[in-house]
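Trainee: The residues making up each chain are set out below.
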Amino acid sequence: MDPANNMLSIQNLCIYKNESRLFTLDTNVLAGEILTIMGPSGSGKSTLLSWLSGMLDPAFTAEGKLLLGGQDISQTASHLRRIALLFQDPLLFNHLTVAGNIEFGMQASQSSSKKQRISKALASVDLSGMETRAPKSLSGGQQARVALLRVLLNEPRVILLDEPFSKLDSQLRQATRELVFEQIRQRGLTAILVTHDQSDADAAAGKVINLSNPRST
Amino acid sequence: MIVDTSLFTRWVKFSPSILITLLIMPVVAGLLGVILPAFGWLPALGEDTVDLRGFEALFATPGFVKMLALSFSTSFVSTFFAVLLSILILGNYFNSKLLGHIQTLLGPILVIPHAAAAIAIGFLIAPSGLIMRLFSPWLSGAELPPDILLPNDPYGFSIILGLTLKELPFILLMAMAAMQQKEIKQAIEGQYKVALSLGYHPFTSFCKAVLPMLYPFIRLPIYAILAYSSASIEIPLILGPNTPPTLAVAIMQWFNDVDLHLRIQASAGALVQIMLTLCVLFTWWLLEQCVKRVCLSSLINGRRTYADVTWKFLTHCITLVVLFAIVLALIGLVLWSFAGYWSFPKAYPDQLVTQHWQSALQQLPETISDTILVALAATGVALFLALFTLEAEQQRRTQLSSFTSLMIYLPLLVPSIAFLFGIVWVKEIIGINAVFSMVVVGHLLFVMPYVFLSLATSYRKLDLRYAKVAASLGRSPWSVFYSVKLPQLMPPILFSSALGLAISFSQYLPTLLLGGGRINTLTTEAVAIASGASRRISAVYVILQILLPAFGFILAWLIPKLFFRPRY
Chain A
1 MDPANNMLSI QNLCIYKNES RLFTLDTNVL AGEILTIMGP SGSGKSTLLS WLSGMLDPAF
61 TAEGKLLLGG QDISQTASHL RRIALLFQDP LLFNHLTVAG NIEFGMQASQ SSSKKQRISK
121 ALASVDLSGM ETRAPKSLSG GQQARVALLR VLLNEPRVIL LDEPFSKLDS QLRQATRELV
181 FEQIRQRGLT AILVTHDQSD ADAAAGKVIN LSNPRST
Chain B
1 MIVDTSLFTR WVKFSPSILI TLLIMPVVAG LLGVILPAFG WLPALGEDTV DLRGFEALFA
61 TPGFVKMLAL SFSTSFVSTF FAVLLSILIL GNYFNSKLLG HIQTLLGPIL VIPHAAAAIA
121 IGFLIAPSGL IMRLFSPWLS GAELPPDILL PNDPYGFSII LGLTLKELPF ILLMAMAAMQ
181 QKEIKQAIEG QYKVALSLGY HPFTSFCKAV LPMLYPFIRL PIYAILAYSS ASIEIPLILG
241 PNTPPTLAVA IMQWFNDVDL HLRIQASAGA LVQIMLTLCV LFTWWLLEQC VKRVCLSSLI
301 NGRRTYADVT WKFLTHCITL VVLFAIVLAL IGLVLWSFAG YWSFPKAYPD QLVTQHWQSA
361 LQQLPETISD TILVALAATG VALFLALFTL EAEQQRRTQL SSFTSLMIYL PLLVPSIAFL
421 FGIVWVKEII GINAVFSMVV VGHLLFVMPY VFLSLATSYR KLDLRYAKVA ASLGRSPWSV
481 FYSVKLPQLM PPILFSSALG LAISFSQYLP TLLLGGGRIN TLTTEAVAIA SGASRRISAV
541 YVILQILLPA FGFILAWLIP KLFFRPRY
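Protein chains in written order, with the numbering used here: chain A, 1 to 217; chain B, 1 to 568.
Read the hints as simulated data drawn from the structure, not as lab findings.
No experiment lies behind these values; they were computed from the predicted model shown.
Positions of the beta carbon are idealized from the N, C-alpha and C atoms, including for glycine.
All the given hints hold, so there is nothing to weed out.
List time: in silico DSBU-like cross-link candidates among lysine-lysine, alpha-carbon distance up to 35 Å:
(1) A/K136 - B/K292
(2) B/K185 - A/K167
(3) A/K114 - B/K292
(4) B/K312 - B/K97
(5) A/K17 - B/K461
(6) A/K120 - A/K136
(7) B/K185 - A/K17
Ranges of calculated distance between the beta carbons of each label pair, as one might list FRET restraints:
(8) A/T132 - B/L555: 49 to 59 Å
(9) A/E131 - B/L220: 24 to 34 Å
(10) B/T305 - A/K167: 29 to 39 Å
(11) A/S137 - B/L296: 13 to 23 Å
(12) B/S140 - A/L80: 42 to 52 Å
(13) B/Y306 - A/D126: 33 to 43 Å
(14) A/T132 - B/S483: 50 to 60 Å
So here's chain B without its partners, still in its complex pose:
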């Protein structure tokens, strides 16, 4: 075997190790930085004995069980609804053009940051929100906003609504991505036709013939959603109750409390959060086993229909309601951002003004530039490492080991609340003071998996014969990479960049904790404003939060059309 020793080849060779180290080290250090304080060891505060005080204080916290129940129920129920709705939509619009249209409409929701989505939904369902205004007074009879605790209801219905609306497009798009893979597409379309020709009604055909084959492909995304939603911060913080909040929100509040001794309790809480997430995942697994056991016999019971017409009607209604809610939320945001005086129950503001935009834009240039700089840095590093790691894979002619692949997704699987605080603690011990770099590293942990995932498929599909032809013409490995592979990959690289930027724009906790208040992004500002200040200013922030990633995706779509189109 001929060994190439150029600088490029050496860099490529070490890239997978660098990537894994960059992802594992902060997570492991962060977890250690939580485990030790959880057992009472926090020398910075003069606590150097190991005991269970943190857990005792945690269990004695008023409403602790309610926190656990809220975290568990909201994540489980929202995922259940999102999966159910996805199945209804996929099943009833299978093989129909409508599915593509729904994908186009719901796709952009994915890039809206969770915080922005939560604020928009809060505006929509509030007693003085757009829904109430549209139905008042002619239907509700209300001349004044009704006295209902929405959002922030004690049972977490608002959280469930927010999480479901954010999770639904993700599951749908994951399922559709799987269904568009050539081999799977052929198999499921063929089996669907077989079931139809054997007399099964369309939705029943989907459930009995397609779903058992499709589910394994959406299983991991579902588990990722469960893990994320059980420990999410933004949506429960904005839409959830505070008496008590979800466990993750409570942990964040304890960590940020002026009483530093609460950090011991918070660290214990972070460990309980990991257990809670595992518990949610285990319960979902149990549900899967039950459904499998119960449904296996009904697959072959010969029944050709299970009220298909009713399900179809229900799906039409639900899809319309979801799309209507999304459109209404977006309209509401625009109206609020320009609203002057807006009396209830009018559905349209009494006057439109631009002063909220003017005042926000006066305050925001630094925040927007920080947001973009952090995102560009994190995405740039992620892109560089992902491309070099994938190139290493091709040079070695073997795919990454399953351990390495799993490690790339580690930051998405471990609840961020459980290790980010540990990173802060470790950072304080080591005495790192580079705020910008720390925030970039924090963002990189979450940007990296998405950039890698979105690039990997295209990179692995590259026709290697082009590279071989170039090499046979005397081109070096770097030249082949730079002038043969990268140009072919330009559209996926731009899409991954846009995705990376969008993920970075949406980060709340890493910015808040690792920035220590010295770096603010649009998302941290939007969350801070959402908790009290003007609804109108909040709307401006949310619109900017949506526009920024949208701008990235528009660029990713435009650049190949403008600069890489074939010339005749």
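Isolated chain A (complex conformation):
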């Protein structure tokens, strides 16, 4: 898939809760760009990600279109959108090993090549030799990196980041953030980051939209 085809267009989006308008949004995100969404609690940041991933809570209704690479995916089921989510909790599966968690995200292919790719990916984030470890035995930062690899090796077209660094301490936060952004840019992924933290927005170095005042800056 040509990364240039990963442009995400949010057209005339209007989200309602109990028939009152929560926010409106109309913007484009280019491949390799990280769009930052900020705003106070309750402004609809996570709701926006739910709509983008096709998992909008029934308490909300939405109008508007979502185009990915020019194709309208507003009505496409979430599992067919190729839009992956990275939450603030790593949400690793405790019934699988570290390698199993990453393999869970990968597409079906030869098992031996998968193993090699997993080892290489783990090495790239300083987690060599952790393949058979249980997720619970890892530190918070290590778990966050495994969750990132699970998403990246899934080869999505878009990645949604729902405050993924908020539970990490400041030193770990900066290192993990750099790693995530570097990987996104290297792979030419389209990304949307939801955060409360201005330093995240600065590091993303892209467009910032404040949902309490939704205009691009």
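Go by the hints and put chain B onto chain A.
Mentor: Just chain B, lined up with the frame of chain A:
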């Protein structure tokens, strides 16, 4: 540490021991009362030598292997189907409002006594039952009820159907209760979303991401169901074959036989029943290990779908069929209870009469009052002991030990057929003649675990700061318990009471054995009538059996709304 020595505190302190003694003693005495006769020692009949005659007679019983096979297969297969259906329903309706609706519809089935459910299902599937009538003659071509042995088929299909329909709501509700716990809910919903966003189809996402996490929470209920169904009496007695019946039913018949020497064989059978139950549990454990081994690699094979659309369609169909069968069974009961002449294949009676209700209600006042009195006594004692035990836990600031917790569920884990007869024997040796008290004790064994289980969560969640504030204002421990904790717990206490009453209403074997025919409840009468008398009278009994617990739950729901609502 300041020690309070008031009467209340002393009572509270001893409550856990009293509760455990009340539960362990009858079970252990009952088991002893079965083990000794099983090895030929029954002095009351002049048998005071220890030998293996009972087992020899048991193994020589015609159809003995078939009895074992029937007990094993019906309990295992019905539980397997109930678990499978639960997974299909949970997986396909996960995160959907439909799941809540299904829970609302299936929930009331839980409180229907097994005997009542069995009779209703028997009516439904019989050759002249409502299903056959609805499809005749336009589809089946039958002008007369077909000559099929249903229920009571020799392979136990009717038992499997009955057990599955009763077990399904239980597993579903247990799973949903686990899924609604805040931490588990957050974790499974998050992991489900992760799987969806990684491209897994919805049902596959549930099976690969949610089920491995959820299963440990429904494992114990599944084992409880296996243990119960392998030794259950009511459903196999009403829906099962008699040539031969399941082992538990055969044991009951031997114990009740006029030939008292059959008690030795029956006691040996009770021990074999325990082994059989353990065998069923072990086989399920083996199945779990196999599934784990086979499925672990498929969890990470990258396949995003396993015919999700087909499974979804199948689940819609099965759910509709189950709900349709339940509704049809209930409609059938009402129709039969008012039916005068009702010729086959008409789906509606030729005439409606009230004489079955009139005659049943003339005979029933004493039975209904006995049923309610026994249930009130057993539930009252259970409630009192459960509340005091939970209060003891809070005063000690430590939860009950795992041994004590396990002992509370002991009567549910040991097949009742294996110890209830022993209690009768011990009762005869000691010479206890208090029939009512014995029946209450028998019911208490089964009511106690449910009352405790349903109260424990709410009691342990109480915000203790209220109690501390009250104590700091000079209130005694009794006053804090009575005027601070109990009012906060009123809705769960009422729900537990309704549950306790429902469990007591449904007891068949304890009433039959410990009552010795001198106390009859709606359930014992319904089972007795189901085996031969009028289907119409039977329908009236079953409806009353359903209405009685339903009335308890309606009261439990209404009372807080009427008397405990906030006043402005």
